[in-house]
Amino acid sequence: MDVWKGLAGWRRCSSGQSRMDDSPMNDRADSVGKMLPFGGQGSNQAIEDGGALGFLLNGVGDPAQIPDRLETFEKVRRLRASRVQTLSNARANNEKDVAAEVQKYIGDEDIKPPTSFAERVSHDYG
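Be aware that the sequence shown starts at 1, since it is given in full-length UniProt numbering, and climbs by one per residue.
Read the hints as simulated data drawn from the structure, not as lab findings.
Be a bit skeptical, because a hint or two may be false.
Unchecked claim - Below, computed lysine-lysine pairings styled on PhoX-like, alpha-carbon distance capped at 25 Å:
| # | residue 1 | residue 2 |
| --- | --- | --- |
| 1 | Lys112 | Lys75 |
| 2 | Lys75 | Lys104 |
| 3 | Lys112 | Lys96 |
What the hints assert, rightly or not - With beta-carbon atoms standing in for the labels, derived distance ranges:
| # | residue 1 | residue 2 | range |
| --- | --- | --- | --- |
| 4 | Arg91 | Gly51 | 24 to 30 Å |
| 5 | Val60 | Gln103 | 32 to 38 Å |
| 6 | Asp68 | Gln103 | 24 to 30 Å |
| 7 | Asp108 | Ile47 | 37 to 43 Å |
| 8 | Arg69 | Asn93 | 34 to 40 Å |
For each residue, glycine too, the CB sits at the ideal point set by N, CA and C.
Construct the complete structure from the given sequences, taking the supplied hints into account.
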């Protein structure tokens with residue numbers, strides 16, 4: 001139990017929007033961003049990344065197609081991963097605290113960010 005006492009003072013923070021580095025060989029199957037453990041989403045995002053990569057790279061007949069497909073991967077996954085990463089800063093039912101930041105990563109001004117845990121689940125999984 002002593003380890004939990006030490007963790008109690010840790011400040012929750014993230015580095016902002018998910019990003020991919022510019023290296024030609026990035027480990028794309030690992031999540032595109034760092035996730036705080038509070039939402040339990042880091043491994044989930046890695047699994048989603050793998051599914052997205054599988055879908056986008058399926059049927060590649062020419063290696064020259066890969067850069068364009070990886071660019072599509074980044075566009076598609078960046079918004080989702082950034083949204084989840086930002087929501088991981090909010091504990092359940094405090095989603096309103098990060099709603100303005102989440103709105104930046106929704107991609108559609110008509111869709112409102114979740115402001116409760118029930119809305120969070122419905123928003124991303126509904």
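Is the hinted pair Lys112 and Lys75 satisfied, with a Cα-Cα distance of at most 25 Å? Holds. Lys112 to Lys75 sits at ~20 Å (cutoff 25 Å).
Pair hint outcome, Lys112 versus Lys96 [Cα-Cα no greater than 25 Å]: The given pair, whose Cα atoms are some 11 Å apart, holds under the 25 Å limit.
For the hint 34 to 40 Å, verify it against the beta carbon of Arg69 and that of Asn93. Hint holds: Cβ distance 39 Å, inside 34 to 40 Å.
Do Asp108 and Ile47 keep their Cβ atoms within the hinted range of 37 to 43 Å? Since Asp108 and Ile47 have Cβ atoms about 25 Å apart, the given range 37 to 43 Å is violated.
Given a hint of 24 to 30 Å, does the C-beta separation of Arg91 and Gly51 actually sit inside it? Holds, since Arg91 and Gly51 (Cβ atoms, about 28 Å apart) stay within the stated range.
Consistency of beta-carbon spacing, Gln103 to Val60, with hint 32 to 38 Å: holds, 35 Å
Could you see if the CB distance from Asp68 to Gln103 stays within 24 to 30 Å? About 29 Å separates the Cβ atoms of Asp68 and Gln103, which means 24 to 30 Å holds.
For the pair supplied as a hint, Lys75 and Lys104, confirm whether the alpha-carbon distance does not exceed 25 Å. Roughly 14 Å separates the two Cα atoms, so the pair holds.
Hint compliance for this structure: hint 7 is the single one not met.
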